[in-house]
Structures are given as structure tokens and as C-alpha cells.
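Construct the entire structure; sequences and hints are all you get.
Listed below, chain by chain, are the residues.
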Amino acid sequence: MITNMEKQAKAYEIMTNNKDLNLKATELRLGLPGSESPEREVVVHGSAIKILVAGAKRGFSDAINGGYGVGLVKNGGQETDVLVTPKPALLEKKTQVSDKLNGQSSSPAPKQQVVGWPPIRSFRKNTMAVSHTKNKEEDDPKIGSGCLYVKVSMDGAPYLRKVDLEIYSCYLDLSSALEKMFSCFTIGQYGSQEVRTREGLSETRLMDLLHGSEYVLTYEDKDGDWMLVGDVPWDMFIASCKRLRIMKSSDAIGLAPRAMEKSRNRTEPNNE
Amino acid sequence: MNPHRKRAKTVDRVDSADSALVSSESTQMRPFPSKPLSVDRVKSVESSESGRMRPFKDKILFVDRVDSVESSESSRTSQFSDKISGFDRADSVEARVDSAGSTRMSRFPDEVLERVLALVDSHKDRSAVSLVCKEWYNAERWSRRHVFIGNCYSVSPEIVAARFPRIRSVTLKGKPRFSDFNLVPEDWGADVQPWLSVFSTAYPFLEELRLKRMAVTDESLEFLAKKFHGFKALSLLSCDGFSTDGLKAIATHCKNLTELDIQENGIDDLGGHWLSCFPDSLTSLEILNFASLNSEVSFDALEKLVSRCKSLRVLKVNRNISLDQLQKLLSHCPQLMELGTGTFMQELISGPVTEFKNMFSNCRNLITLSGLWDATPLYLPVIYPACARLTFLNLSYATLRSDELSNLLSHCKSLRRLWLLDTVGDKGLEAVGSCCPLLEELRVFPADPFDQEILLGVTESGFVSVSRGCPKLRYVLYFCRQMTNAAVATIAQNCPDFTHFRLCIMNPGQPDYLTKEPMDEAFGAIVKTCTKLQRLAISGLLTDRTFEYIGKYAKNLETLSVAFAGSSDLGMEYVLQGCQKLRKLEIRDCPFGNAALLSGLTKYESMRSLWMSACNVTMNACRVLAKERPRLNVEVMRDEEGGDDSQANKVYVYRTVAGPRKDAPPFVLTL
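Protein chains in written order, with UniProt numbering: chain A, 1 to 272; chain B, 1 to 671.
The set of hints was computed from the structure by calculation and includes no laboratory data. It is possible that part of the hints are untrue.
As the list claims (entries may be wrong) - Pair ranges (Cβ atoms, derived):
1) A:SER240 to B:GLN647: 44 to 54 Å
2) B:LEU378 to A:PRO233: 52 to 62 Å
3) B:LYS255 to A:ILE167: 24 to 34 Å
4) B:ARG364 to A:SER240: 48 to 58 Å
All C-beta atoms in this analysis are idealised placements derived from N, C-alpha and C, irrespective of residue type, glycine included.
See below:
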């Protein structure tokens with residue numbers, strides 16, 4: 001049996017190898033509110049991962065080796081077959097969303113890694129998909145109700161986290177929370193340096209903290225652009241942030257110089 | 001003077017039947033005073049087996065559940081009349097015996113016996129009753145009003161109709177349970193129509209029909225509505241193949257309808273007009289559940305219906321019913337015992353809570369509450385006045401957080417059953433533990449089951465918290481993403497009365513996240529400590545050791561669900577050898593092969609069914625099983641894509657007295 005450490009090592013390896021896929025997925029795209037981004041960080045428990053590309057409207061869907069078999073998803077597109085373990089592959093006969101239910105669920109079908117797993121009945125699957133979408137749509141920072149969960153991915157980590165931006169009040173809170181969350185992945189030294197809160201300039205501190213470390217914190221905004229965290233006032237940030245990504249500095253080269261340039265120019269208070 | 005019933009001469013032949021009795025094992029014997037069956041039945045079985053006397057145990061196996069009815073019914077005539085006293089029954093096989101010189105077993109005249117037996121409700125008890133002697137067998141079959149058929153293919157409708165002449169209520173289950181999770185192709189079968197056709201002549205006064213995982217068409221529903229004039233109660237759970245047009249037929253034609261319960265079906269929802277088809281004259285409705293239908297119904301029609309049905313005790317509406325509409329409905333039926341609300345929030349902000357705060361104040365009988373779609377902390381307090389009496393609260397469609405749940409539960413001291421979404425988190429479960437000491441059942445569903453990235457939801461610590469505060473827990477269904485052996489061991493110690501333990505660690509093959517070991521010891525702890533365990537679903541990284549524990553300790557286990565577990569054939573063998581009361585075994589994605597399958601050769605006839613998919617079983621092994629056990633149906637589902645023809649990817653084995661299916665679709669091979 002593969003030890004967990006070996007599995008994790010493999011996961012890291014595959015993560016780094018799949019970097020291309022990640023970047024593609026972060027490109028500008030149009031999607032329905034609440035629809036899932038095609039980027040998939042995969043959890044590995046078996047000895048291989050397979051990502052499928054299907055010709056369906058949504059981009060692609062994946063199947064994951066759960067350790068005992070591989071699920072193949074046929075969406076009228078191509079599929080690659082994998083047989084890593086002695087177990088036979090599972091074929092899905094039906095489309096993921098039950099055909100019989102009417103078009104109430106405008107949200108995309110919930111992703112299924114393995115056919116029929118976890119064992120949830122169709123009605124609940126489809127109902128929760130709609131609820132989930134509704135909740136996301138209704139998240140409006142202005143009302144201040146509910147929560148504002150965004151995904152946080154870190155390059156090289158085997159899984160994502162989700163954070164509720166509502167519970168933080170400034171970049172510093174967010175960055176220390178993220179540091180705690182991802183410290184097990186040796187995020188590098190943020191340091192515990194004291195940060196003076198200067199009016200309008202505190203946001204740049206986050207970037208300064210990260211500057212010189214291995215990683216930078218970026219976010220995808222409502223328009224689908226990837227920006228460096230810390231450029232805009234906090235309220236504007238949480239209103240526009242859709243997801244976060246802790247990127248290796250070397251990868252952020254395309255982003256960083258412009259933003260850092262911007263920040264260097266901000267020797268005086270922001271005049272947004 | 002009523003004519004005597006015919007009776008068999010049994011004295012001499014009792015002895016010969018006795019020998020069969022003595023030589024058999026008694027594992028399956030019921031705790032009834034076991035008298036041998038009368039010779040007629042013994043003989044008919046004998047002759048069908050070319051003279052070889054069957055062990056007594058085998059006969060019992062076929063009548064201890066009605067889902068496998070003894071097939072030697074040919075000796076009965078089917079003539080009978082439907083008189084109350086039923087003394088015109090012609091039973092030509094038995095010789096007439098004068099009561100004065102009779103050797104009857106029982107002291108009661110038949111009519112008394114029947115009256116007494118009519119009070120026996122449980123179908124297991126009734127099956128036991130029917131085995132005592134011929135007299136009791138007959139009295140039981142005449143007095144039975146409800147028949148439960150756990151597998152529609154284990155028996156044919158003709159056999160059922162022949163044995164039980166006076167049925168008023170039928171429960172029928174069809175597809176294997178894994179069909180709920182898309183593992184069974186469409187058009188597999190379990191069509192209800194053949195049953196309805198037979199019932200229309202055999203049971204024209206049928207009143208109740210409860211179907212689970214059956215294929216039902218609109219035509220069948222119309223047939224049901226039109227042919228059965230006294231029909232009262234229809235319950236459809238997890239069925240498919242019909243549309244709301246079928247419901248229209250039911251609403252239109254069933255003049256005495258008391259129950260319409262539509263749950264989680266694969267239904268073609270063509271609109272809500274069906275509800276308007278209830279005639280104004282219909283006032284008998286007691287149960288109405290359309291919570292899982294998506295289309296909007298006419299509120300006006302619904303309100304009028306609810307107003308005129310004074311006996312309504314269960315009302316579960318769908319999400320389209322708004323809060324103020326619900327309030328109106330409740331004002332018409334304060335006698336409700338079970339309520340499923342519609343959407344539990346309003347768009348308008350102005351003074352909402354005060355408007356609704358009296359909604360529940362008149363509902364003094366309310367013990368079950370469900371629905372609560374989109375419930376927010378703003379509106380949830382509306383239900384507080386009703387909370388103290390609630391025994392069942394279903395919040396599994398309300399995305400509550402821990403504090404919201406905590407506030408709510410502080411009012412719910414009487415809860416016995418609670419269903420939740422894992423959005424409440426471990427903190428929410430702590431509140432469960434502290435507020436609900438009487439809790440017997442807990443189900444925690446995942447809000448985001450397919451998002452592997454999230455680490456939200458509940459963990460082992462929430463489960464432990466509940467177990468500490470709720471020692472009476474019997475039934476748990478728990479979806480989580482991490483678990484430890486130590487936690488489950490603690491839970492077992494805290495709640496030794498578990499009868500149903502279903503733990504779903506959502507990532508297949510995941511070990512104890514702290515120790516990285518398999519989860520064997522967790523389930524070992526459960527089966528060792530919880531001796532009353534009837535149903536078990538296992539998950540996580542599991543070796544054969546888990547199954548060794550199950551086989552050794554789970555002596556009352558009846559249902560076992562296994563996925564992504566085990567290391568070798570031994571695993572399945574342990575279970576088949578050790579779990580004497582096992583009835584249903586469903587396995588997917590496990591490394592069990594032919595040796596495991598065939599190790600259960602002598603076991604499967606004592607079970608309802610076996611499902612094995614994505615394991616290592618070959619067609620040849622299935623053929624061997626089919627050949628050795630003609631009273632089993634061994635069905636293999638072929639994959640459309642071909643693949644390896646020698647592999648049997650989906651195997652479904654079940655005992656039957658009806659022979660191979662006649663309606664099997666092309667992809668189902670009966671071997």
C-alpha cells in the first residue's frame with residue numbers, strides 16, 4: 001500500500017506538473033454566476049489522477065481515481081480511459097443531472113468524481129445545487145448578511161480551502177489567517193513584523209510582506225482578472241474578490257511588476 | 001350452523017414429517033411452538049424435488065418473509081367468496097373431519113382464530129404464524145390485510161393473489177438500492193403494471209399502495225385510479241417513469257383518497273395543475289405530501305382543499321409556497337401533526353417576524369416539521385412557539401450555521417429525530433448534544449458533497465459531541481470528510497444502543513486522518529459494543545480486518561453496505577460466514593472475486609438480495625452460482641460498451657419463487 005507521504009509527494013508532483021492547466025483555467029472567461037470554475041485541484045488518494053476533457057458546454061469535467069477505480073464521464077465528448085488498479089472502470093450511463101427533473105436547476109450539474117459517490121439521492125443533489133447557487137448569488141457585501149466564501153488555492157497544496165471574507169476587517173487579518181491555514185504547506189516566512197497602519201497605505205504592507213518571500217497573494221476579481229492583493233481598499237477588495245490564489249512569486253511575474261510599480265508610486269495616500 | 005372447514009388427517013403423517021423436523025438445524029426457526037407442517041405441503045415440495053425430502057429449514061426460508069412465498073400453492077383451489085365469515089371456502093385437498101372426532105391442533109374454531117390473528121400486524125410475526133400448522137396457515141392467509149413484498153421479483157403477483165385473498169394494502173419494493181445513485185440503468189424493470197393487472201381482479205377493493213423504487217407510468221396511475229373504486233392511499237418513493245399527468249388521474253378519480261405521498265421520484269414535472277383536479281367533493285384527505293415537486297400549484301385550489309379536509313394531519317408543500325401563503329394554510333388546519341413548509345423567507349423586509357409570529361401558535365398537535373427551504377435567522381424564530389412539542393425536525397434543506405441552529409435547538413427539548421445539513425459544523429453539533437438529550441436519530445447531510453476541495457462540514461469532533469449528549473442515539477447517518485478510529489470508539493461507548501450506523505467518509509479509501517491507519521478499529525468498536533446493530537454502512541480505508549470484526553461480532557446485522565473497502569476475498573467471506581441474520585448485502589468497488597461470491601452459495605437463499613458491482617467477479621462464477629442454486633436469480637448487467645465479456649461488472653442475486661424474470665431488458669442476463 002502506498003504510504004500517505006508517498007501519496008502526498010505524488011500529489012505535489014502532479015500539482016506542479018499540471019501548472020499549465022491551472023494557468024489556462026485562470027484566463028478570462030464568461031461563466032454563469034455560481035458556476036464552477038473549470039480549474040480543479042485534485043485530491044489524490046490513489047496512485048494516479050486523470051483529468052478528462054469532454055466536449056460539453058461547460059468546459060471539462062474530471063474524474064478522479066478514488067483509490068479503487070476510475071470514473072469515466074461521458075458528456076458526448078472524448079474520454080480517456082485509465083485503469084490503474086485491478087478494479088474495472090465505472091461507466092456512467094446517465095447524465096449527471098437527472099433527466100426527469102424539470103429545468104428548475106439552472107446551475108450546472110454538481111461534479112461527480114465517481115459514479116454514485118458519495119451516495120446522495122438525485123433529488124437532494126439537484127436541490128442543493130440550486131440552493132448553493134442561490135446563496136452565492138445572494139451574497140451581497142452591502143447587505144452584510146450571510147457569508148462570502150471564496151476559494152483559496154495555493155500552488156503546490158493538495159487541496160483548496162475556503163475562507164469567509166466577511167469575518168475579516170483588513171488585509172492583515174486575512175493574511176495572518178491564510179498564513180495559519182497554509183502554514184502546514186511551508187508557505188515561507190511572512191514574518192511577524194509589526195505593521196504600522198498608515199492611512200491608505202496599510203494595504204500595501206501585505207504586498208511588502210510577501211515581497212521577497214516565495215509566494216504572492218493574488219485574487220480573481222469580478223471581471224475575471226487576476227490582481228495582486230493589496231492594491232485596492234479593503235471594502236472594494238471584498239466586493240470584487242471571487243477567489244484567492246497563493247501563487248509562487250516566480251509565476252506572478254506577469255502581474256507583479258505592474259502592481260509593484262503601482263505601489264511604489266503610492267508614496268502618498270490613495271486618492272481613489 | 002356454519003359448515004366445518006376441511007381439515008387434514010394429520011395423526012399418522014405427523015410422524016413422518018417429524019423426522020424431517022428433527023433432522024434439521026434450528027437456526028431459522030421462529031420462537032413459535034413449532035409444529036410440523038401438514039403433510040400436504042411437505043408432499044408437494046417433495047415431489048418437486050424428485051422424491052428427496054427437503055430439510056425443514058429450506059421450507060421456512062421461503063415463507064418467513066412474504067417476499068418469498070412458498071410456491072407449492074397448486075393444491076389450493078382459487079374459489080372463494082368474499083363473505084365476512086368466509087365459510088364458503090373450498091379447500092378440496094383436505095378431507096372433511098367431524099369436529100367431534102377431529103384431531104385438530106388448535107382448540108379454537110376458525111373464526112375465532114382468524115379474529116385473533118387479525119390483530120397480528122408485523123409481517124414477520126405473520127410469517128411465523130403461517131408456519132405453525134395448516135390451520136394457522138389458512139387462518140393467517142385469510143386474515144391478512146397487508147402484504148409487504150421487499151423484492152418485486154422474488155414472487156409473482158399471481159402467487160401473492162392466490163395465497164392472500166383479502167389484501168387491502170400492498171407495499172412493493174423494486175430496484176436494488178444502488179439505483180438511487182445511478183448505478184442501475186434505466187428500463188431495468190420493476191414495472192408496477194403487471195401487479196396492478198392482477199390486483200384489479202384479485203383485490204378490487206385494494207385501498208393502499210406503497211411503492212419504492214418501482215417503475216410507474218401515467219397509464220398505470222390512471223389504471224389504478226379507475227379500476228380500484230375504494231382506493232385510498234398512494235405513496236411513491238424513489239419511483240420513476242411517470243409525470244404529473246398521472247397525479248391528475250389520481251386526484252380526479254379517487255373519490256375516497258386519504259393519502260397522496262409523493263417523495264423524491266424521477267417524475268416529469270409538467271406543471272402543478274394536478275392539484276386543481278381534486279374535486280370539491282373530496283374531503284377525506286389526511287396526508288398530502290408534494291414537497292419534492294417543483295412546479296407551482298394553484299394556491300387557491302390548495303387553500304380550498306386544505307379547508308375542506310378536516311382530517312388533514314400531514315401537509316408537506318413545495319418550495320413555491322410562500323410564508324404568507326403558509327400562514328393562510330395553517331389557519332385552516334391547526335390540527336396538523338406534520339408540516340412541511342415552503343420557502344421560509346420573504347423578499348420584503350418590513351416587519352416580517354411580527355407578521356408571522358403567531359403562525360404556529362394554534363398548531364398544538366404539531367410534532368414534525370420539515371421543508372424550511374432558504375430559512376434565515378430572520379424568519380426562523382417564527383417556528384419557536386412550536387418547537388417544544390416537536391419530535392422530528394428536518395433541517396436538511398436549510399443552510400443553517402452553528403449559531404442559528406443553536407438558538408433554534410434551545411427551544412426543542414423533545415426532539416427524537418433530527419436531520420441537518422453539515423453547514424452547521426461541529427459547533428452546531430455541540431448544540432445538538434447539549435440541547436437534545438432524548439435524541440434517537442441524527443442524520444447529517446453534506447451541503448457540498450462533490451466539492452472535494454472544501455474542508456468545511458462536520459468532522460469527528462461534532463459526532464463525538466452529539467454522542468456525549470445523546471446516549472439514546474439509535475440511528476445515525478453521518479457524512480463527513482475526516483474521521484478517526486478513536487472518535488468512533490468513543491462514540492460507540494457513549495451510544496451502545498445503535499441499531500443503524502451509517503458512516504460516510506466522503507473521500508473513498510481515506511484513512512484515520514491522525515494516525516493514517518485504516519478505519520478498521522472504528523467499525524470494530526461499533527460491532528463489538530453495539531450488539532443490537534441491524535444496519536451498517538462502512539467507508540474509509542478498510543482492510544479485511546473490518547470484515548473479520550463484522551463477521552465475528554455483528555450477530556444481529558441485517559443490512560450491510562460496502563464501498564471501496566477490503567483487501568481480499570476473505571473480507572466478504574467473513575461476513576457471509578459470520579452474519580447469520582444478514583438479509584441485504586450491497587457491495588461496490590471492492591476487491592472481492594469469485595471465491596468470495598461462491599463462498600455464499602448456501603447463504604444467499606436466506607437473504608433477500610446481494611449486489612456486487614465493480615468487483616472482481618467473472619461470468620463463469622456467476623454461472624456456477626446460478627447452476628448450483630436454481631432458486632436464486634443470478635442477474636448480470638452488461639455494460640453497453642462491451643469491455644471484457646468475461647467480467648461480470650454488475651451482479652444482482654436474489655432468491656425467488658417466481659423463476660427467472662420474464663421482463664428482463666436486453667442488458668440484463670439471467671444466468
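Status of the hints after comparison with the structure:
In this structure the supplied range 44 to 54 Å holds for A:SER240 paired with B:GLN647, their Cβ-Cβ distance being about 53 Å. Distance hint check: the CB atoms of B:LEU378 and A:PRO233 are about 30 Å apart, inconsistent with the given range 52 to 62 Å. At about 58 Å, the CB distance of B:LYS255 to A:ILE167 disagrees with the hint of 24 to 34 Å. Between B:ARG364 and A:SER240 the beta carbon distance is about 51 Å. The supplied range of 48 to 58 Å therefore holds.
Checked against the numbered hints given earlier, the structure breaks hints 2, 3 and satisfies all the rest.
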